[in-house]
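For the protein sequence lines, the chains are V and P, in the order given. Per the numbering used here, the very first residue in the first sequence carries number 83; after that it's consecutive. Per the numbering used here, the very first residue in the second sequence carries number 2; after that it's consecutive.
Rather than coming from a laboratory, the hints here were simulated on the basis of the structure. Mixed in with the good hints there might be a few duds.
[As the list claims (entries may be wrong)] Incomplete in silico selection of chain V near chain P, CB under 8 Å:
no., residue
1, Leu128
2, Asn164
3, Pro168
4, Tyr174
5, Ile176
6, Gly197
7, Lys198
8, Ala224
9, Val225
10, Ile512
[What the hints assert, rightly or not] Using C-beta positions, here's what the derived DEER-type ranges look like:
no., chain 1, residue 1, chain 2, residue 2, range
11, P, Pro246, V, Glu271, 23 to 29 Å
12, V, Glu271, P, Asp247, 56 to 62 Å
13, V, Glu383, P, Leu339, 44 to 50 Å
14, V, Pro379, P, Asp86, 30 to 36 Å
15, P, Lys377, V, Pro363, 51 to 57 Å
16, V, Ser405, P, Ala349, 57 to 63 Å
[As the list claims (entries may be wrong)] Covered stretches of chain P, going by a simulated chain V footprint (3 or more residues, C-beta under 8 Å):
no., stretch
17, 82-93
18, 190-204
19, 343-357
20, 478-486
Built from N, CA and C at the ideal position, the CB exists for glycine as well.
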Amino acid sequence: MDSRYEVVIGLEVHVQLTTKTKIFCGCSKDFGQEPNSQTCPVCLGLPGALPVLNKQVVEYAIKTGLATNHQIAPRSIFARKNYFYPDLPKGYQISQFELPICEHGWLNIETEELGKKKVGITRIHMEEDAGKLIHSDGNSSAVDLNRACTPLLEVVSEPDMRSADEAIAYLKQLHQIVMYLGVCDGNLEEGSFRCDANVSVRLWGQKELGTRAELKNLNSFRFIKQAIEYEVERQIDVIDDGGKVVQETRLFDADAGTTRSMRGKEEAHDYRYFPDPDLVPLVVDHAWVERVRAELPELPEAKLQRYQDELGLTEYDAGVISSERAVAEYFEALVGLHNNAKICANWVMGELSRALNENDIAIADCPVTPDLLAGILNRIADNTISGKIAKKVFEEIWQSGKTADQVIEEKGLKQVTDTGAIEAILDEIIAANQSQFEELKGGKEKLMGFFVGQVMKASKGKANPGMVNQLMQKKLKG
Amino acid sequence: MQLDNLTISQLREKLASGETTSVELTKAFLARIAATDEKVNAFITVCEEEALAAAEAADQRIAAGNAAPLTGIPLAVKDIFNTIDVRTTCGSKILDNYVSPYDATAIAKLREQGAVIIGKLNMDEFAMGSSNENSAAGSVKNPWDLERVPGGSSGGSAASVAAGQALATLGTDTGGSIRQPASHCGVVGLKPTYGRVSRFGVIAYASSLDQVGPVARNVEDCATILGVVAGYDPADSTSVDTPVPDYLATIKDGVKGKKIGLPKEYFIEGLDADVKKAVDAAIETYKSLGAEIVEVSLPHTDYAVACYYLIATAEASSNLARYDGVRFGVRKDEGEGLIGMYQQTRAAGFGDEVKRRIMLGTYALSSGYYDAYYLKAQKVRTLIRQDFLDAFEQVDFMLAPVAPTPAFKIGEKTDDPLQMYLSDIFTIPLNLAGTCGLSLPCGTSSEGLPIGLQLFGKPFAEGEILQAAWAFESATDFGGKLAPL
Chain V
83 MDSRYEVVIG LEVHVQLTTK TKIFCGCSKD FGQEPNSQTC PVCLGLPGAL PVLNKQVVEY
143 AIKTGLATNH QIAPRSIFAR KNYFYPDLPK GYQISQFELP ICEHGWLNIE TEELGKKKVG
203 ITRIHMEEDA GKLIHSDGNS SAVDLNRACT PLLEVVSEPD MRSADEAIAY LKQLHQIVMY
263 LGVCDGNLEE GSFRCDANVS VRLWGQKELG TRAELKNLNS FRFIKQAIEY EVERQIDVID
323 DGGKVVQETR LFDADAGTTR SMRGKEEAHD YRYFPDPDLV PLVVDHAWVE RVRAELPELP
383 EAKLQRYQDE LGLTEYDAGV ISSERAVAEY FEALVGLHNN AKICANWVMG ELSRALNEND
443 IAIADCPVTP DLLAGILNRI ADNTISGKIA KKVFEEIWQS GKTADQVIEE KGLKQVTDTG
503 AIEAILDEII AANQSQFEEL KGGKEKLMGF FVGQVMKASK GKANPGMVNQ LMQKKLKG
Chain P
2 MQLDNLTISQ LREKLASGET TSVELTKAFL ARIAATDEKV NAFITVCEEE ALAAAEAADQ
62 RIAAGNAAPL TGIPLAVKDI FNTIDVRTTC GSKILDNYVS PYDATAIAKL REQGAVIIGK
122 LNMDEFAMGS SNENSAAGSV KNPWDLERVP GGSSGGSAAS VAAGQALATL GTDTGGSIRQ
182 PASHCGVVGL KPTYGRVSRF GVIAYASSLD QVGPVARNVE DCATILGVVA GYDPADSTSV
242 DTPVPDYLAT IKDGVKGKKI GLPKEYFIEG LDADVKKAVD AAIETYKSLG AEIVEVSLPH
302 TDYAVACYYL IATAEASSNL ARYDGVRFGV RKDEGEGLIG MYQQTRAAGF GDEVKRRIML
362 GTYALSSGYY DAYYLKAQKV RTLIRQDFLD AFEQVDFMLA PVAPTPAFKI GEKTDDPLQM
422 YLSDIFTIPL NLAGTCGLSL PCGTSSEGLP IGLQLFGKPF AEGEILQAAW AFESATDFGG
482 KLAPL
């Protein structure tokens with residue numbers, strides 16, 4: 083990064099909501115259906131059709147607003163944003179303009195380079211999505227309005243971010259929250275979580291903002307970072323060459339890793355916003371807000387702290403486990419059944435996530451439920467099985483769905499804790515490896531592992547390794 | 002069969018007793034349309050086949066003994082209402098070929114009752130006009146004088162009733178579009194309180210002002226029809242969830258002891274002498290019926306026309322953006338790309354007045370002008386509404402002329418839009434206030450043209466003004482007449 087310049091980034095994120103139906107009509111918002119099959123007079127913008135607000139959308143907006151520290155407006159207004167485009171059936175988009183439902187929010191972020199900071203969020207408003215144009219080879223385009231009228235939240239940040247990394251940290255934080263709330267499926271590639279970045283640069287110490295470019299077509303976190311970094315370099319080059327940055331929309335080209343100008347002056351649209359007379363002002367009373375607040379799940383930031391303070395996890399472990407709601411929920415269920423949180427965390431992050439990854443299964447669908455896994459951990463804790471055998475038991479349970487006790491019983495995996503039995507094996511092994519035993523006695527500590535390993539091998543892993551160690555020490559002294 | 006001077010409830014008795022059938026009635030009206038509409042041009046589409054089928058179904062329903070108030074009654078509706086069976090043009094070339102895939106809520110309610118919809122009525126294009134001269138289907142003629150306008154925009158709705166082509170009709174009123182043509186055609190027209198009747202399926206002109214209402218030969222029929230179409234509709238967020246009273250139950254209660262306000266701003270210099278005479282006589286009639294007359298003031302009346310032409314056109318400029326040739330309606334595409342298609346479609350599809358209002362409204366909403374025009378107009382609107390509410394603190398309802406003059410000649414004002422706009426000067430404020438009003442015949446001019454009287458009611462007090470109108474109608478002999486065509 084060029085040290086003469088300060089980078090300024092503001093982000094606009096469109097969060098597509100997971101409601102069953104569209105924002106202003108009862109149509110299903112299932113995707114991947116026949117073009118124009120999920121439509122009705124309202125979302126087709128037919129003459130005389132009128133919008134009716136989906137209450138679930140409001141509920142989701144309040145949720146998201148509260149989770150990102152916003153004030154919820156007791157009265158907000160839908161406005162029409164007027165422009166012509168074939169994918170916009172009414173010739174206007176119903177959005178919110180002057181009085182959005184959420185204002186004055188913020189999120190905490192952290193980056194390696196710049197540390198912790200609070201990023202302001204100007205507002206969150208509700209709006210409808212447009213349809214899609216399908217361009218054919220010839221000279222014509224087709225319109226699919228299945229997506230028209232799909233509910234979106236637009237989350238507009240303050241220009242508070244100072245590096246691509248900060249932008250990514252903010253986005254990941256926001257992404258995590260909407261996923262946690264269950265209001266969005268979070269799919270960047272399919273456009274469920276769409277980000278436009280406003281990027282500008284200014285000399286250090288300069289008060290006013292530089293001219294910004296709005297970057298679009300950013301459908302992965304990696305592309306967002308690349309696009310911002312490229313754009314910063316480009317703007318600095320323009321200024322260094324004595325030029326001026328123009329205010330414009332630039333498309334990110336993922337193949338080239340560059341941004342290119344999309345439209346020039348046409349961009350200065352006059353959208354002629356005005357309150358939509360078809361919709362009455364939206365009134366959200368205090369009781370509604372408080373009910374939603376009471377129903378909010380514990381958010382990742384709070385979990386991260388609690389896992390460290392109350393469960394004694396490291397910051398790293400707490401971070402990994404709290405990053406995804408389903409993982410955190412699994413972990414919390416497990417901790418409820420097995421009291422050693424550290425062991426629980428190790429298993430969730432280790433064996434469990436390895437198996438989930440290998441089998442490409444979501445944690446919610448995991449065949450080894452918290453109940454079953456707790457069964458394994460409890461048998462380790464009471465020395466019925468060793469950690470090593472436990473992995474075998476886990477595999478068995480994954481395949482069969484049986485309980486740990488059943489598997490241990492059926493496969494005869496119960497750990498040998500009978501001192502006599504272990505000592506007998508040990509004696510045999512010492513007898514067979516007399517010279518090594520003498521060397522160990524003489525101080526070649528490394529050989530300890532060899533003997534313990536031999537006992538484990540001979541017992542098919544069932545000997546309690548702790549006891550083997552103890553007995554060995556006794557033999558050495560004896 | 003003699004159809005003059007019959008109310009819907011009297012007809013219903015005749016239907017129930019078997020004295021007539023819905024098919025017979027429907028045929029009679031279809032015949033009347035066939036005989037007169039070349040002169041009047043009140044209909045854009047006559048639904049002969051559909052109407053006869055509905056009439057047959059109605060007769061079966063009547064025979065089965067489960068008739069509703071409008072079962073078998075032939076009605077016609079303004080071509081602004083979406084109907085699933087026949088085309089809905091809204092008086093515009095751009096919707097010349099348009100058939101809606103759904104019925105407007107008001108239409109669905111009529112159909113549920115078994116009413117027979119005999120046709121779709123002519124109107125000013127997209128309800129923009131005061132004379133019904135702005136229709137792609139041509140001007141409607143005033144049945145009392147074919148050289149004159151019937152008023153607008155629901156010109157067809159009023160003219161067809163006066164011409165005996167329909168028993169009653171539905172219209173819409175955005176700035177007087179029911180009341181002014183009702184006045185010019187000598188029939189009764191009611192504009193309900195905003196939110197009283199669902200707008201769902203009614204093609205929007207100015208969403209915050211548009212309201213559906215009946216036009217009929219007599220007050221009672223207006224009440225009957227309002228009782229059917231009124232009511233909360235979950236599909237229209239601006240419809241109001243308040244019970245619909247039984248308007249007929251109170252209609253004969255009279256005006257004794259009622260306080261009637263005369264807004265002084267409506268009795269001004271320049272009011273046509275015949276109109277003044279007729280309205281003054283009506284005031285005397287009300288006095289004789291036991292009402293108390295007091296003067297009231299609606300001080301912001303002067304600003305109403307300007308205010309209306311900013312708000313209505315602003316909303317219209319946005320409402321009419323959907324007519325872009327992409328999904329429905331007439332498309333003109335001479336291969337000059339998307340923008341070219343938009344321009345050609347809208348240039349060819351819209352008439353001059355519609356274009357004028359789209360431009361006015363676009364301008365009023367434009368960045369840099371919004372505060373001075375649209376926002377200012379909204380503030381004025383609040384004041385005008387407050388004027389009405391203040392006056393209603395003092396009186397039960399108000400009385401005023403409907404239009405400054407009787408029906409004017411076709412072509413008389415077409416070159417002067419401002420003069421045309423001023424013909425709605427007495428009807429516009431009520432739409433801005435959002436309360437209810439009606440127009441009923443109160444006399445004729447020296448040239449034999451009908452003159453109307455306007456009553457303004459409190460919000461949702463349709464029952465009270467119907468009652469007052471019925472009292473006047475019963476005491477006088479101005480209404481219920483068919484034009485001698």
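Give me the numbers of the hints this structure contradicts, sorted from smallest to largest.
-> Violated hints: 5, 6, 7, 8, 10, 11, 14, 15, 19, 20; rest satisfied.
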